[in-house]
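There are 2 protein chains.
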Amino acid sequence: MVQVAILGFGTVGSGVAEVLTQNRAVLAEKAGEEIRLKYILDTREFPGSPFEAQLTHNFEDILNDPEVKVVAECIGGATIALEFVKKLLAAGKHVATSNKEMVATHGHELLELAKAHNVNFFFEASVGGGIPLLRPLACDLAGNQITEVTGILNGTTNYILSEMLDKGAAFDTALQEAQAMGYAERNPAADVEGLDACRKVCILSALAFGFHVYPDLCPTQGIAAITGDDVAAAASAGMKVKLLGRTLKTAEGKVCAFVAPHFVPASSQLYHVDGVFNGVVIRGNAIGEAMFYGPGAGKLPTASAVVGDMVDAVWHLSQRRRLDWADAQPDQMADPWELPLPYVVRTTASLAEVEAALGQAKALDGNGYLLAAPTTRRAIEQSGLALLAVRPVFQ
Amino acid sequence: MVQVAILGFGTVGSGVAEVLTQNRAVLAEKAGEEIRLKYILDTREFPGSPFEAQLTHNFEDILNDPEVKVVAECIGGATIALEFVKKLLAAGKHVATSNKEMVATHGHELLELAKAHNVNFFFEASVGGGIPLLRPLACDLAGNQITEVTGILNGTTNYILSEMLDKGAAFDTALQEAQAMGYAERNPAADVEGLDACRKVCILSALAFGFHVYPDLCPTQGIAAITGDDVAAAASAGMKVKLLGRTLKTAEGKVCAFVAPHFVPASSQLYHVDGVFNGVVIRGNAIGEAMFYGPGAGKLPTASAVVGDMVDAVWHLSQRRRLDWADAQPDQMADPWELPLPYVVRTTASLAEVEAALGQAKALDGNGYLLAAPTTRRAIEQSGLALLAVRPVFQ
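Sequence lines, in order, name chains Y and Z.
With UniProt numbering applied, the first sequence corresponds to residues 1 to 395, in that order.
With UniProt numbering applied, the second sequence corresponds to residues 1 to 395, in that order.
Next up, chain Y with everything else stripped away, as it sits in the complex:
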């Protein structure tokens, strides 16, 4: 039997408690021994909760209990959660977390700490909710030189963009509906401005290319400026507007990580990822291309990923699983504005003017022009055209 604890009894933490309890039998079979939930840490009281007996307000109960081997961190943020996780790793306890902010900003440091204390630090739930990505990238695809990881990484913004296309809704209306459905927060800035996707790209980039990318090294553009004209221009070319987080190797061997709204053609599997779902494309020199699709958020899907990590930790209690990456290498990063990509330019200029400035193009609806040849964003911004929008096309 292995005893475990949960930090934080919010949405994800209560999902982890529920999965550990409801699926106890199958977990014992998969893990090879019973996984018993001993503590749940929270500052609040939960009278009448079936987990009342496990509740504690004292972190030291968990930290100092030698029976607790694996801890799920579901507090969120990078202040108190970070302090607790550092103490747990240093005390020789294995940690699984859903906390993308903490991993994106302190992943390298925490992996080093885990290594120094011969324990596991896992974070599958931090990217793509329940979708398996961490182990596929670290292990299944280990035989590949990864060339690109690109995904629809934020369900809220994907829901808003799907509503704008399907119902012709304006951005503000679609956002209000997402809030009414409980998909978007009261303060939706982290989703809408792309910060949530940015953190996930940082983690995927580190897994794919072996060194940390801090959020400020990942230029990020959200979807607040997306209009019905963008959606119409994409549709007239058989494409959809999607907020993509991307990290890729450039022709010069540098890593380019960024978040921006893209036009995605129907030939891509990402075109078919709608509503609150996430999808991630991984490209490598042996696999070619694979795509992973599933719920990017939600109580039980996220808990599914946390519990999968806990099982892997149980399997590797004494011999930790190899998982680490180097610290940031800013000189190995490329500027996405200098990356040649296919682009749609929206401008009040005529086709002739666009072609004079940027070469052959095809006119779309909504003042859009699909450039025939890959171009850099810098060249487009410096073209002198009166720009309404500049959208890369995913290929």
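You can trust all of the hints, since none of them are fake.
As a list, the in silico DSBU-like pairs of lysine-lysine whose alpha-carbon atoms are at most 35 Å apart: (1) Z:299 x Z:38; (2) Y:254 x Z:38; (3) Z:115 x Y:115; (4) Y:249 x Z:38.
Facing chain Y, a subset of chain Z residues (Cβ under 7 Å, in silico): (5) 30; (6) 130; (7) 139; (8) 287; (9) 290; (10) 291; (11) 292; (12) 293; (13) 294; (14) 295; (15) 315; (16) 319.
Everything labelled a hint here was simulated from the structure, so no lab data went into it.
Positions of the beta carbon are idealized from the N, C-alpha and C atoms, including for glycine.
Keeping the supplied structure of chain Y fixed, place chain Z upon it in accordance with the hints.
Below, chain Z without anything else, positioned relative to chain Y:
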């Protein structure tokens, strides 16, 4: 440094050699030590091959070399490959294989043998080519009670069905084109009759539900009887014909594994899996639904999966990874003919006759009728209608 060997220098074996060589640096980084290819076993000579120095005709060279820790079995079939793999496991060597026939017919036995000798027996490449499935099912989704695994598991038949839809080609014409493109074998029976998909369902079922399903416990129907009328009936309902391999838990808690052509609606991610690609949907009580997409065959994608397994074996040289399942449990299997499913029935009977026999239905093109309520295949076959085709609908 870890020394490894490859059995069989055919398509997959030469792909593994290529990946091990070309991606040596990234592999050393991921595995934590250099992986060096010491032997390739084949009966043939390969004069001028860059791997000539590694070639041996003598299996004993590999079996008796204590330096060789991990072996990739790429011979195929369940005769000589089976004999070699048993000897290797018994000698304490870790084995990774792409051999679906061997795993589907002897997986339980080989996993037991691996366990007894404290080594790993991995077979990611046996299902879905390069698509990660084995570890997601065994580990990432370990917190789930899996309810269903359904996939497009054979690229050749999916290519044929895509051609029939896109170009209005007859089955024979599409098959000939698949052969000309090198996707289908001269003798395409294993693909066309569904045997290849059947073997893969057996493996997925064992991973999902914990006991072996031998191919004769998985009723299998191929695509040779699919006509243009089937394709038209599906299209008129916004669906596509896809050969699906499925294993699922019935309402009674039994496991039902089968292979059959299905009508797949556009709302399913599998609808968008076209050509030679594979896609696998996994459903569980925490994750909801996830889908994995990628190349289901091919030299380098398959090699990618074999090499991923070899890296995992290197990580677990002394402490094997937990992976096993029980032997067959025929009394726990349900007959797919008794499984209530949505169905399309193709018959020369009128709508009134169909509704009199099977309840409310909707007329489609190609003499097709979409039944409103889930029905068993047995009930349809016993309805007395003159049946042209009976196709379950994937939901």
